[in-house]
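The listed protein sequences correspond, in order, to chains Z and P.
Each residue of the first sequence is one higher than the last, beginning at 7 in this note's numbering.
Each residue of the second sequence is one higher than the last, beginning at 77 in this note's numbering.
The hints are simulated quantities; they were obtained by calculation from the structure and are not laboratory data.
Note that beta-carbon positions come from the ideal geometry of N, C-alpha and C, so glycine has one too.
Hints should not be assumed to be uniformly reliable.
Chain P regions said to be covered by chain Z (calculated; three or more residues, Cβ under 8 Å) [unchecked claim]:
(1) 154-165
(2) 358-371
In silico DMTMM-like pairs for lysine to aspartate or glutamate, Cα to Cα no more than 20 Å straight-line [said to hold, decoys possible]:
(3) Z:275 with Z:140
(4) Z:74 with Z:62
(5) Z:13 with P:276
(6) P:189 with P:320
(7) P:189 with Z:62
(8) Z:167 with Z:41
(9) P:298 with P:343
(10) P:164 with P:152
(11) Z:167 with P:152
(12) Z:273 with Z:168
(13) P:157 with P:276
(14) P:269 with Z:174
A few chain P residues facing chain Z, derived, Cβ under 7 Å [claimed, not checked]:
(15) 94
(16) 100
(17) 101
(18) 114
(19) 202
(20) 205
(21) 212
(22) 224
(23) 228
(24) 229
(25) 244
(26) 277
(27) 278
(28) 288
(29) 289
(30) 353
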Amino acid sequence: MSQASNKVFANGWMFAVYLFLYLPIVTLVVFSFNDSKLVTVWSHASTRWYSALMQDGDLISAVSLSLKIAFLSALMSVFFGTFTAFALHRYSRFRGRTILHSMATTPLVMPDVIVGLSLLLMLVSLQQWLGYPERGLFTILLGHALLGTAYASVVVTSRLKEMDGRLDEAAMDLGAKPLQVFQLVTLPLLAPALVSAFLLTFTLSFDDVVLSSFLSGPGFNTMPMVIFSRARLGLNPTINAVATVTITIVSIAVIASSFYTSHVERKRKRETALAYSDVNK
Amino acid sequence: MNKLTRFFQSLFQGNKLVIGIPYGWFILLVAIPLMIVMKISLSEMESTSISSMISWTNGLPTLKLNFANYQFIFSDSLYVKTFYSSLKYALITTLICLAIGYPFAYFMARAPKHIQPTLLMLIMLPFWTSFLLRIYAWKTLLVSNGVINNVLLSLHVIKEPLAMMNNSFSLTIGMVYSYLPFMILPLYANLSKLDLRYLEAAADLGTSPFKAFWLITVPLSKAGIIAGSMLVFIPAVGEYVIPELLGGPDTLMIGRVLWDEFFSNNDWPMAAAVAVVMIALILVPMAILNSAEASLEEGKS
């Protein structure tokens, strides 16, 4: 093969994969503006399913429950995930590090049904013993926070690895207390990773159906649970409308956060360069 | 406020807390639950509490273990078939993801440096949009009066709608679609760090590009191949949502069986036993993943 035909083949392959990845999403969005009750047959453009969405009480309360859980579980995930990342990265030589590492990776790879079942059985045992917790918002939150912690710790760890440990040492040499070092040096450097960990774990929680189904109690239906039970029964145009709204919000958030991250990164590089140029003067 | 500051100060003085907090969190939510699953899988339907498993003889506690659930799983042909079929679908998914993902990751790593972040973000973006909704989207595409059939019928490519839904085809498409990014990302991470001088040296010594690819690129990306394959294979074995929405009556998957034992039959000990067998099946792949990740990390530093 010549160089040029190689390139054509490579571009064609990549294009085909992107097409495969995006075709279903584009179809969902396009057919959400379809007037027909049949999801797959185009009649003409309308926003009728969006108006139907506005009146869909079940779905709206499910969305607000999901938002609540996603927000709280993302906060918890970033908190515990940061601790996990510090424990694994900064104190790399403590007894039981391997155990912590494998416990932290278990929720990442273990099938959701096992994580959900095991958490539920633990919570039921706890309830038999203490009379608490009732299944509901709190138990779903706990499940999502567990999954989120595992992901957040991966994001924060990869950032910690890139960070220059000498900056912390320099701050300490200059007399900063450990808390000051954390506030003034470590935290600002870590901020972009914390933001992306928050967004990632928020999305994971907002998307989860398996853990929620295991951990939910009567009257607590998250948005994915409602969508899942409708999708099981068949095709439903309101799902397309929900999908379009979700996809729009998520895409904006992801693109905005990637701009933010690269902005922070560039600013940091500029400041570092300035600092070094001062030294060289 | 002062109290809070002192609390945080104590936190950073005591490394024990930095280690203790995540340790406690994961022991409570990972280690103990898995032990309880193990325990309940060995109990009978009526007695799922710990106290009922311990009987007191002469003032000493003795543990009653009940292997009936496991005996049932291994003697019932439906369970055995389901485990076999889950492993089969997971393997097929992994191989197809590798066949599509390896060339993709390779081309992406060779693309101009300045567009690589965009290419990478385009792979991650679907991953951020709801997994459930994307699986539902395939349903609208594949059903007999679905979008693909409608387009093909109107173009007169086919006369009868193709049966693409609720069979192994739709299941495999859904699984490959969902897990492809998990294959591409570790492969790309690995291939983008490949030292191109090895390939130049091989070319200088007269090796053909094709031979150099098999003798140099593939062996050097072994860790990426293994990590990607395990990241696809392990969750695919226990997948529930995709077989439920896209699979059919013939596509047996163990995640669905566990779900039905739990939610339809309310047989918690049986569901727990199915979970334990599933964990046993993915234990070896998990160990392989761990060592592959370790060698990926060595490669980075």
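Any hints from earlier that this structure breaks? Give me their numbers in increasing order, please. Result: hints 1, 3, 6, 7, 8, 9, 11, 13, 14, 16, 18, 22, 23, 24, 25, 26, 27, 28, 29, 30 break, sorted rising.
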